[in-house]
Amino acid sequence: MAELNIVEKVIALEGVDLLNGLTPDQLARIASIASEVRVAPGKVVLDPAKPLDALFVVLDGGVSLAKDGAEIHVARQNEVLGAWALFDNEPMPVTATATEESRLLRISRDDFYELLSFRTMSRLLQPCSVPW
Amino acid sequence: MIKRPMRQLRLFWRSVFDVRTGEGLRALFMGLHMTCVLFAYYILKPVSRALFLNKFDIDQLPYLYILIAVVGGMLAYAYTRVAVRSSLMTAVNWATAIAVACLLAIWWLLSFNFDWMLYVFNIWVSLFSIIMVSQGWLVAANVFDSREAKRLYGLIGLSAVAGAAFGGEFTARLARAVEPRDLLLATAGMVLLSYGFVRAVAAQKNVKVASARAAGEVEDFAFADIVNGIRRHRHLQVIMAIITITFVVDVMVEFQFSALAKATYHSKADLTAFLGSFYGVYLNLTTFVMQLFLTALIVRYLGVGGTLQIMPVMIGIASGVMIFVPKLATASAMRLFEAATRYSFNRTGMELLYLPLPADLKNRTKAFVDIFMDRFGRGLGAMVLLGYLALIEKDPKHPNLTRVSVLILAISVFWILLSARVGREYLATIRRRLESRRLDFDDSRIAVAGAETVALLEKTLSEGSPRQAAYALRLLADVPGYDVGPHVETLARHAATECRTRAYEVAAGARYKGLMDLAARALETESAVPEQQAAVAYLVSVSPEAPIDAAWVRRAAGDSAAWRRGLAAYAIGLQGQDGDGTLRQLLDDRDPLVASAACLSAGRVGNRIYFEQIAQRLRDHAVRGPAIQALAMYGARVSGSLGDILTDENAPVAVRRQIPRVLRLIHDQRSVDVLIASAGCADLSIRAAVVKALNRLRESAPGLQFPAHAIAERIQIQAAWCLRLHAQLLPLRPGVQPRSAAALLVRTLETRLRQSMEGLFRLLGLRYSPIEIYNTWLALESGQADRVSAAHDYLDGILERDIKRAVMPLLESRDRVASHARESFRALAGSPETAIAEMLRSADSWVVTCAIATAAEMKLKSLAADIATASRHAGQETVAVAHQAAAALA
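Note that the protein sequences, when read in sequence, are chains A and B.
Heads up: the first sequence begins at 1 in this note's numbering, then just goes up one per residue.
Heads up: the second sequence begins at 1001 in this note's numbering, then just goes up one per residue.
Just to be clear, a hint being listed does not mean it is correct.
Stated by the list, open to error - Chain A regions said to be covered by chain B (calculated; three or more residues, Cβ under 8 angstroms):
| id | region |
| --- | --- |
| 1 | 10-16 |
| 2 | 23-31 |
To be verified - So, partial list: chain A residues that the calculated Cβ filter (under 8 angstroms) puts toward chain B:
| id | residue |
| --- | --- |
| 3 | A2 |
| 4 | N5 |
| 5 | I6 |
| 6 | V7 |
By construction, these hints were calculated from the structure, which means they are not laboratory data.
Glycine residues also receive a C-beta, built at the ideal position from the N, C-alpha and C atoms.
So that you can see chain B by itself, here it is in the shape it has in the complex (with noise of 0.2 angstroms):
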């Protein structure tokens, strides 16, 4: 029992000091930020709370509960919607500007001792927390990478807890030497001080806070959905319930601690003091510990129910002794159990609660839990103490606590009671994800798993479905510190090829060396590929030097079965190396199976000799996938070698069209480049395809530059095109006839247009919003009026002033766009003899295969010689309609 905690203190050590070269500044300033956000916040709480408990008589707490349920909330809920809006720094600056300036105002106006300020006041100090502690955090998200953020978010989040100590320190050492307001002076120095540092780790190299977001996006969700989950799922009722219920008792119990701090404390002063202490020192330094040390330990020993229930435990005992002791000393045991119990147990509990539910509902409930329900829950508190106040108490400005802690005792055993009825719903619950196979714990926030789960693991795993026991065993394998080397026994003999390959996957991630004899024999015969690559996978887990040595690795890759050579060529992969060649021998390979897992070790192995050979599958189609794979595996370092296939006219076409998948793949600066210079590429599938993977990248990898003034001016050049495809369309379409070819090359040409018209808008989308440019391309597609119109006001509104010039003229009706057309391209609108003849010279294979059958329906002989011309470099089925061509023009 002592070992786990000294562990997880060194883990601790470990994860908070371990900051890297360049890193020291930015984490130094974000550090300080923290301490100072947090310094401010908790010289704000206690004197903010003890004006008020002096000023008033203690029955007017539930009346600020309400107004700061209500208010605040609202207000808090405004806040993030303007925020999603704006960048964070703009948010950081007008937040910081507003904070000093309501706090200099706030000192003020508490020197007139008006009532009505206090409320004020207070209300004001719970936005001040919700709004700069989590900006604070959401400035760390995008100062640090995540890899960097799982290493010092320790070191931050102590810095927080630093922050709040020596601010309650603070506050009680100077709340009797001045006026307690007169620290709001301190504060506004502070929490200038944290913008000071704010600004100091924007200005480190490669920290964008400026173009980051002032708020995560608001999980959308209606009232309707959620009543509707709530109605569906138990489970999800039971949630709802103990969230009420958690925040109903939190009211009660602080109720009654500010009622006995009041009664001991008289003086403005010394209630100040009173409360820095107990919320700034006792109460983080007592959550600190218990998250660090003991939230795992208990939850992988009691299991979800149990660490549900030790809250209302805790309460419920500490109730009992007030009942018997009503003292500050009592109450305020009783407020620290109960706020760091929630910090800490409870919430890790809660998180696990919401483990089991599908994921949409769970991102939905947990915005709506996180907007509504703690506030409901406080507020519904406020309430049942105001009736209590009303109707029980004959003297509700002197309530007797004793009957208040007979009331919050009760309350905690139907707690008690419900916390058990969670554990049997959660079990339930699991046991259904667990059949249906959708539980996920690498989509917890948290990385320990209840007793409870576990037991349910292990039993599906022995009486399970063979999916169903390979899933479990994966999930077994994700829990921290448990052995799973007899399960992976006991699935290593499992008839079911699935639970063997999972098997496998799982001893060799835990480097479990008691099925290498099980493994070896697997490769002897031929069976599942997956089985088999994972054994072979495992072997070289767990001894590379044999029985997967280079000798095994030739017999396997000269062997006449197309299996054994796979493997040979996957084992290479494994091992990072290729003595003597038999890769490349395998990357020609005419199996297709053997060649693709050639593709994909050499991209592992990442040696430039592979990558002619790796490119030239490309045209393969049933090895191109692994050939993409691979070929992205080599990173940046090829992003020069594909432009250069990319650009190459003398380039295989079908090899050059997979290049763009290629570069999507990797998120380099290069391959930007790389694509944005191929871009006006002839070849409208290549071209197209250029685009698509620049749409990719933009979205995979926001932090890569796309050059605007290059993609301004491939948004003219298309928009262009579009008007010259209008105009080719225009002599064309009157008098057409169906079934002819003049009608197949109308056809071809308007969805040639609206390809063209898509690849307008996918460059628009790198340019502006690409969320907002589809959903406009979506609107105009509709066809529907209003959102037509919409989407023109939304045009017309972003667009810089050259590129709507170009764009805009295009969305107007059919005969304001033919208009258009006619007036710019005069020549080529004038008869359909000048149209085909362009269409002749057209790099689009298609389109110059009907423009020839058109010619020869048309009788237009006087395009026999372009015919001719557009025939000699074609393939063979346009020089067949060619030939045909050519004698009906005779």
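If we strip away everything but chain A, and leave its shape as in the complex, we get (with noise of 0.2 angstroms):
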């Protein structure tokens, strides 16, 4: 399968709940520091001993999220892993493992950082209006 383009990218990002109310422009901004990743079944995407320094969109395949052993919940398409970590560096209290071959989109913490940093996205949290 081809390397998604930022069209695609742009279309996987429209259905993430976190950064719905966003134009198509500003995704498109996202969109250009997301990088695509490919995972094997069974490799660990989230570890709780490592820090964390970017977030997952799911773009297809299952990733399992389990806590102390248990498995609670299967991500599936457009769902968002390691969401804190644009708050924050703590690790994860949960594992992330691939169930099946899966694609996912990352985005850096500190890619999506410099891309705050410029005055136009600062507004990324308030997207409904431009102030007059």
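Using the hints, put the two standalone chains together into the complex.
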């Protein structure tokens, strides 16, 4: 399968609740820092022993979230893993493991902050209107 | 004690006669206008009151007070509401015409000796004083800018006092020679003369009286808010109580004075002459001297509580004397003390009392007090008098004034106690505001601080938290004549950087040299940037030659530590010169903090050789803000160069997009001209930035001219563009699948449409009232049927025909807009293919990218060549999409 182009990445990001309400241009900016990652079944995506440095959006496949060895949820298409990465680099108390061949979009925390530092993107969290 | 009044006199002399080139005629005509208005008023006041007192028994006077409070108040309020909607010149024209007509009518009607006419006359005189005098000051506010006003208002005020004195003296001298009512003809003449001076001042160059509003916006307040405010703030309760008592006593003292004047002078002429001299000459001059020489001194030494006690104490003493010597001389002295202290000490004390209130509550409360409280107080005073006359006096027509004095004395004692309470409340409120650092002297209209405030600030400085201490030092530095030396010495050694920073700032402002060693040591090791910058600024300010000399700057600029290079850049800006090109080197520094400091310093130095380097730093988001500020510091002389960059298609978009943000800070006609010339730029983001900058300029510099024709043309183009976007959307919407490229394209176009509509309304905001257009936009966005309908009606009423024809169809229902779009752009709206083909030629890179993906998704093979052309000069993301599209369409 070919690497996603920017339009496909934006279409994928449009389905993410966390980014709901952003304009296509704003999503395109996020898409420009998002990279596609393919993970094999059994691959650990988030490790509670490691600092959190990115969030992931599941494009297809599935990722199991387990706490203390017990599975609590399987993330599917459009679901986000590690959203807390945008606020803190503390490890998540859960382990995320791919249950099948999966494709994810990875958005690095540093890149996201870099993007936010541009004035236009600082309005990211209030996308409804441009104040006069 | 003698030195201070002399200094005040010198300051006053300098401020009054500091008339500069180009201001002479305006100051002369404005001064003469105020002289005439006050001259007229001080004929009317004694004549109206003397005729009333001569005609009626004294027990009728309280009814007149009530009528003036109620009817006069309502009419004055109604005038303000009408005036905010009309131009100042229109209001002056009408007010003059009506005043002259009324004067002639009153003069004629007075000859019939109707009793009711004297009530009407007195109420009308109270309106005359409110409207004509406030209108005169409003004209002055529009004739002089704020700097001129500070210098020239003293002269205008002096002219007003002179007018009052001349008017009073004129009345006193002529009252016995002619019938008092005939003096109204002289008043009409003075009103016409004052009008002539307004016309003369309006005809002067750069005076825009015609376009100004006839009244300042009345601060909106709701009774419920005020009542809530009063309930929550004990401070406000005391203020209201003091205001009420002040006006109750004012009415009682005036009643007593009028009764004795009536009893002493039996003829109309004598009474008019006496009142003319008393009000026009003695009262005005006494108030003037008190305000000029004594008020600041009294407030400084007695504090707010003490200042507010002077008036009741004086009245108490005078009423005590009145009990034993109930003569006109005593009553006159009492009235003089009462009115003069009310206009001087009490007014200043009350201004200070408002100081610690939150700004919004303060403004609303002041509006409430100005409109209602003084009239309520006077009305209440009149009711008290009526009650007293009805219940206590056996012969209300000849009241025992000794008893009235006892009543005034009793109220004065209560008032004195209340004033003492005010002092305590004021301190408590100031303390709370200091703790939350929400006290600001800059906001105050008066330049004095009470003794207790100073003591409290000193206490906060020594015992408060570092933030409070730093804050208190700034406020103390604002107190006129205060020696901040000992405090800056203490705070410069404080453990908190905030205090040390403030100490250097204040010491620099006061040119205090005692911190030089400390400041020099602060530059040896790295610490907080603000503190080190404050230390450099301090050293440059008190000792320009050393230690911050050229050698120091060179050494610091070559240092490996960024903080030292940053200080070097900062110092160059303070020194205002860069002899050896160090600043050019620092402008290219890789560290954003150093580059930012260099940009700001380059802006301060203002040499054109830095212009290009600063403009290039607009690309760097970490330096962008200071670069914008720096370019704006050059002012209008770089407007042309900024315009060249803005319109240069080869310049980076990231730089071009920031140019409007620079221009909006330069309040000059050239900024408007450059922005208008670029409003048709192909890049949507630059276009939007240009219109926003124009909006901001119109808001912050209302005196600039926005060319109506060019804006109307842009509005039509923008409206056509919006309709075109509707047409592009038409063939794409049907059957669009979710999570497809076509759906994304539709969403993108809808976003563009919304942004373009907002742009259209921003343009309308340049042509019509920005606030009303903004509210209309919000109403349309709300989607609520009643608000949308009101917005349509409003636009339908104000838009010019051509603009209306372009804009209104865009606001109709979705089906009707679609129908308009289809009719206007038949070919474009015909098929997805034609719509997408046009989008592929767009200057909007994101629209092009989405259009390419949509063409591939829809298998529009006929567009393969257009896609190839569109991707030729596109960015790499678009090229990647185009490659995949080409493969899909092959």
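message: Output the indices of the hints that this structure fails to meet, ascending.
response: When the structure is compared with the hints, none of them turns out to be violated.
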